[in-house]
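Given chain A's structure and the hints, the job is docking chain B onto it.
Residues per chain are reported as follows:
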Amino acid sequence: MATKILSVDDSRTIRLIVGKAFRPYDVVLLEAANGEEGLAVAAREKPDLIILDVTMPVMDGVTMLTKLKEDPALKAIPVIMLTAESGRENVLQIARLGVRDYLVKPFKEDQLIEKASRCVTLEKRPVATPA
Amino acid sequence: MSQTIQVPNICEFMNRHLVDVFETMLSMKAIAVTETGVPQFDERVTGSVAFAGDHINGAVYLHLSTPFAARVAAAMLGLSPEDLGEPEVNDVVGEVTNMLTGGLKSWLCDSGAECAVSTPAIIRGSSFVIEPVPQVEREWLVFDCDRNRIVVEIHVKVG
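Taken in order, these protein sequences are the chains called A and B.
Per the working numbering, the very first residue in the first sequence carries number 8; after that it's consecutive.
Per the working numbering, the very first residue in the second sequence carries number 661; after that it's consecutive.
Excised from the complex, chain B in its bound form:
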């Protein structure tokens, strides 16, 4: 690798990149906030995309409450939330997660840690927990967007 990739650098990149994705694709202003402890969730829509390479692997999870996920989908497609069904909302959350992870992949590749990304997957529900496998670090990034919470969960194993 041309430079050492560290988890705080990944989080720093993602803090900037999420704000950019929400601003560019949704015209929504997201602000990173500090929250201690494991975030608690109500019913939510979670997008996930994995990344894997010789020097790094992990996954990015984007958690949005179900009503906010519908608002995000409506903003992206220029439609009203009432006009959208679960498949459209799932597709938009998957695509936003794909953009977040695609940006991370580019940043990792430019830093010398080549990797590939998976296609997005969606989980819906309220009582699920994503447990990282041993030796994988987990970070939570929390954002406020017009009084809605956006949570990005990053699982990463370097080396």
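Isolated chain A (complex conformation):
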């Protein structure tokens, strides 16, 4: 069964980049544009991994993560935080929230794959061969 990964980011660009990174793998990518939508998708789809932005309108990533960790049905889902801010305080705050890992923008796609593969099994999509 394909691995379900939820990308929560208000930037469509980042969601597309995340999707592009996982394209070679047997992954179903779910998307949400803010924390509120992200919680709803997480509750409905029970993803295997969440890639979560920090700064978003409506509900930010820190609030979403806090609510996720309060929900017994969702708290075990590993979360990788994606942030444009690499400052010491920001990183410490993220670490205290119980995330599995974090990635600072700008990032390379293979860095994301490497961190994701520490949380979930990523299998290459079968390559179609001519009959």
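Heads up, some of the hints might be wrong.
[Stated by the list, open to error] Covered stretches of chain A (in silico footprint by chain B; criterion: 3 or more residues with CB under 8 angstroms from a CB of chain B, positions within the stretch not fixed): (1) 16-22; (2) 90-101; (3) 112-121.
Simulated from the structure, these hints should not be mistaken for lab results.
Treat the numbers as computed from the prediction; the structure is a model and nothing was measured.
Backbone N, C-alpha and C fix where the C-beta goes; we use that ideal spot for every residue, glycine too.
This is chain B only, laid out in the frame that chain A set:
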């Protein structure tokens, strides 16, 4: 503040950070160049993100010509420029500006000047000028990227 933030230090940081962002996200090599006077622009896409704190405030503007903005968006999304519309190009320019300002924010915070950043905004056109408010310093940083020009305009007020 744990150390004095000065405009030349901000420019020095941004000179390094822009090269890093373009290399990492776009696999594009940007080189800082010296250009005197106010840069002249053709039709362009400009991303802007503001930052504000107790000790510092200002904004970062990223100016790219319209065709080069489409190339940047295509490189970031792995698509052809012809497959992209204005919304996708705007979103990418906004995101690159967000990364530039996010990096600056981290550097400022680590230097003791806590601040917050806004969400990105986009301006398109050819005949607009961004005027800084009084007591705000303005700096232009110009880069060459495969014979395309990248201009970063920084408005900053320290103290």
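In ascending order, which of the hints set out earlier in this document are inconsistent with the structure? none
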